[in-house]
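J.: Generate coordinates for the entire structure from the input sequences, incorporating the hints supplied.
Letter by letter, the chains look like this.
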Amino acid sequence: MMQCRESTAFFLSAAVGLALLLLLFAHAGWRERAGRKSLEEKREIVRALGLTDLCLFTEARYTRHPAMADRFTPFQDHPFSLEHFPSASLFRPPPHLSGP
Amino acid sequence: MNRAGRQRNILDFTLSSLLRRKGRNAALVLVYAFVVFLLSSVVFLGLSLKEEAQSVLADAPEIVVQRLAAGRHDMIPESYLAKVREIPGVRTAKARLWGYYYEPLTGANYTVMADENFPYGRKSVVLGNGVERHLPPMVGRTLPMRAYDGSYRFMQIRETLSSDSELVSSDLILMTVEDFRDLFRIPEGVGTDLVLSVANPREVSTVARKITEILPDTRPITRAEVLRTYDAIFDWRGGMIVACMSGALMAFIILAWDKATGLSAEERKEIGILKGLGWETSDVILMKFWEGVAVSLFSFLLGILLAYVHVYFGSTSLFEPALKGWSVLYPDFRLKPVITPYMVSVLFFLTVVPYTIATIVPSWRAATTDPDTVMRA
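Residue numbers (our numbering), protein chains in the order written: chain A, 1 to 100; chain B, 1 to 377.
Careful: at least some of the hints might be erroneous.
As the list claims (entries may be wrong) - In silico contact screen, one side only, chain B against chain A (beta carbon under 10 Å); selected entries: (1) ALA232; (2) PHE300; (3) VAL338.
If you're looking for bench data, these hints aren't it; they were derived computationally from the structure. Ideal placement from N, C-alpha and C gives every residue a C-beta, glycine not left out.
T.: Listed below in structure tokens is the structure:
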């Protein structure tokens, strides 16, 4: 039996890897189409209730609704209070509060 | 021998050389793939959340008007509505009533909202799926809510919002306007804020400016600002993404630096022998180039594939503690996958190219010195 050259095995595995990478694009496209109904549902709730924020971090009110928060809210508990909610340290203040 | 044949022979030799040091190279691929995995997971998560925010909040109110008293957000009188409606361009304006409720049974914070079109009447609530999931089993279909005076209101749970909408509604409790005012002692005639729709989207900033002129104690927040907030939160260059990515980037820099600063004695000896056997410097560099390509390409592909599975099939379980923080209630949602050729190319050039270059430089140094010196070193 003829032995496969190392380079042939390399190119074959690289081709399989690249094909899997292309499959990710196909999967993303498929999920996008499949998720349209759920997206419409979310938009309908946002429209009907006038929501302004995503429900990602519920630990503090300025992380639950960052777009509606004041700039000083993370530090309002007492003078010189340090920010102590983990998720709040992950993002910057909204741009409309960062300006002059 | 033609050029392709020469390249294949060198590649065959490189791969056999890599396979001779199986354990060491497998460990290298695993560490490298893990770094790519971390970087890609953060990028996938950030881009998906950013895109989700942009598409879901595209129908958010065009302008939200908050009242500020002594620098703090305060309740807004409904009498302001009449003044706002007089501004040319304003199509509709209404007051919203919403706030937060701390649930002592679970320790979770909920967002309570009054719905003026609430279909179930008083003493009823509609819950977000996250709230329903976290309720203790003893609660059943009646939710006791502690009012401002310490007494309890027993609310009938009439409906649960779908799990598909958790990203916007997970912690919501909806009720009638009357129940909301009763629960938190909010007097008639005031709201939490005002929401406006504007006939011409190009007039939004003009309307916002006029609001601050007519009502100086208010602050308008436009939809564009809301969207920019989420852009900033999940931006590549700041906030969460940089915080998560800096660790992975540092690990990668250490890996590449270690590779670039020198070769092992065994590798030097191998280069010396090859040079002694008549290999050209260009052949040695070509061999090292193929070695870099083989290691980095497989690590890159492995890392990016695992990151996709982690974020879109595994609900980002590795990052959950960081994202969850101290939250008791965390939404359970499936993100829409976002993968673009641009993003893959950026990740490729950030990881594969520096590593490949880092493997060539020390080999070039070794290959240009006398074989005898290299072998004796």
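J.: Look at each hint and say if it fits the structure.
T.: Hints versus structure:
no. : hint   : verdict
1   : ALA232 : holds (5 Å)
2   : PHE300 : holds (9 Å)
3   : VAL338 : holds (7 Å)
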